[in-house]
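Please model the entire structure based on the sequences and the hints provided.
Those sequence lines, one after another, are chains Y and B.
Following this note's numbering, the numbering of the first sequence begins with 1 at its first residue and continues without gaps.
Following this note's numbering, the numbering of the second sequence begins with 121 at its first residue and continues without gaps.
These aren't lab readings, by the way, just hints derived from the structure by calculation.
What you are looking at is a predicted structure, and each value in this text was computed from that prediction instead of being measured.
Even for Gly, the Cβ is constructed at its ideal location relative to N, Cα and C.
Do not rely on the hints blindly, as some may be mistaken.
Chain B side only, calculated, beta carbon under 8 angstroms to chain Y, not exhaustive [said to hold, decoys possible]: (1) T164; (2) G203; (3) L205; (4) G206; (5) E208; (6) P291.
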Amino acid sequence: MEMGLRLWEMADRSVLAITGTSYTRQATRMKHAVAAAVNAAKAALDEGSLATAVAEIELRYRLDAGTPGGLVEQVGRALDATDSVLGAVDYLTALRAITVSSMTAYFERLTGPLVVEFAP
Amino acid sequence: MTGLPWPNLGWSAALIVTLLWIHPLSAQEGVFAASATVERDLATTDAAAILLPVGSQDDGAGYGSTAWLLGHTLAAQANTVLGGLGAEVTVSVERSTTRFTLTALPHVWPEAWTSLNATVFTDPIDLETFRRVLETLSGQMAFREGSPAFDFERESASMLAPPSHEWARNPFGTSESRAVISVQHADLLRADLYHPAAATVGFVGANRGSFPLDTLRPATAAVPAAGLAWLGGDRIALTQEVTSAWISVAYPAPQSTSRTSLEFVAHRIRAALDPHPPDPERYSVDVRIVDAPGGRDRVGGSHLSGGRRPLETGDRRHRGRHGDQPAHGRLFPVGTPSLQVSETPRGRDARVGRSKDRGGPAARRRSPEPIPRYLGARRRDARRGVEQPW
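Now the structure itself:
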């Protein structure tokens with residue numbers, strides 16, 4: 001059984017896509033895990049786990065920007081998304097400003113889910 | 121060049137030296153054998169490496185993998201402490217060195233560095249972490265031991281040191297050694313050899329003035345020389361019933377050869393040997409620099425001395441379904457100019473080509489004699505050299 005998570009950014013909205021793959025024998029278990037993923041993440045929110053996640057994301061972001069090519073990609077991607085040359089810096093600032101309440105509010109704004117299933 | 125008393129400790133040490141050539145550094149008295157800081161105001165993260173002259177060659181007889189387990193246990197402990205802080209530790213345990221690398225967000229650097237130092241040098245080894253690391257290693261080795269690739273690694277190491285030499289010892293031990301190793305063995309090894317005064321430290325980052333260990337004390341530890349390294353090795357072709365064939369060729373390089381030159385040559389050889397476009401189904405190539413025990417110079421010129429850094433060329437060739445033969449005679453001429461970068465009087469760049477004559481007879485005479493190892497379905501006389509078709 002394999003699980004995956006992706007963020008698709010489109011012009012008018014973003015999509016949080018949770019995917020699961022398994023053999024038929026484990027299909028039911030996999031589908032339950034996929035369906036429960038968002039609520040499980042929401043229930044597990046606390047200051048500690050949030051601080052850990054923020055630190056890990058910032059470290060990855062900075063490591064990716066540690067080479068000239070990586071820096072160009074990070075700054076360029078942020079510039080493309082925000083039309084601001086400070087987009088990458090603003091991203092890190094916003095990242096550090098995340099709180100449990102802001103994350104809870106984010107979860108509350110999620111709509112859906114839309115479910116697509118491929119089965120043999 | 122900075123003139124640092126830099127011990128010949130391996131890749132990471134050389135990597136740091138390379139950085140020192142590029143950036144200004146500051147150094148003061150401190151507790152480490154040698155250390156240097158490279159300050160980069162625009163660095164996105166801070167990083168430091170602690171390089172210890174401890175490796176599998178220091179495992180006691182019958183206790184193979186002790187150094188590996190010790191290094192990885194301490195790294196796991198450090199990551200447990202640093203988890204969520206925005207810092208991480210990786211470790212690499214080789215035959216003669218152990219390197220801890222800390223990468224951290226700038227604002228947590230002091231805390232992360234202090235924590236790593238305590239974990240590596242003073243904190244008790246956590247028994248549960250040790251057991252978990254040992255269990256993981258044993259699980260991994262259950263699949264690796266007995267494999268042709270694993271056997272070939274062992275044979276490749278025996279090119280550079282006699283099989284009986286401590287350096288040639290398998291870093292991962294054996295199932296027998298792992299069955300008897302306990303956390304006490306790791307603790308003893310650390311007590312004996314994990315000393316800040318024996319460590320070399322390098323730092324790259326933006327924490328100007330906050331790096332607490334700036335030393336230029338003369339190095340007190342280095343990779344111990346071990347006599348007639350590659351000269352004493354037997355040349356044995358390892359024959360197994362396998363569908364792939366491996367060949368490894370080592371080019372001993374004099375200790376005086378600069379690491380940068382070796383890196384450059386390794387890059388050129390890799391570029392010359394790698395199929396383009398990549399063709400992993402046919403063969404793959406790996407070129408790396410190995411810090412082997414000291415040995416007698418095998419290079420013709422009397423101006424060269426020592427031989428601590430063989431340039432090893434590993435070429436794994438897959439025989440295709442139709443019995444494709446590898447291109448004969450490619451490894452030797454391509455590797456031949458390995459010393460031209462540093463030894464050519466006119467200072468000309470190395471010319472790495474596929475033609476046997478590209479380097480010229482004089483260049484070939486100056487170059488070290490390659491030491492081949494071959495693993496394949498048919499026995500070959502490796503002593504005849506890789507120039508011979510196999």
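Now for the hints, and whether the structure bears them out:
{"no.": "1", "hint": "T164", "result": "holds (4 angstroms)"}
{"no.": "2", "hint": "G203", "result": "holds (7 angstroms)"}
{"no.": "3", "hint": "L205", "result": "holds (6 angstroms)"}
{"no.": "4", "hint": "G206", "result": "holds (3 angstroms)"}
{"no.": "5", "hint": "E208", "result": "holds (7 angstroms)"}
{"no.": "6", "hint": "P291", "result": "violated (27 angstroms)"}
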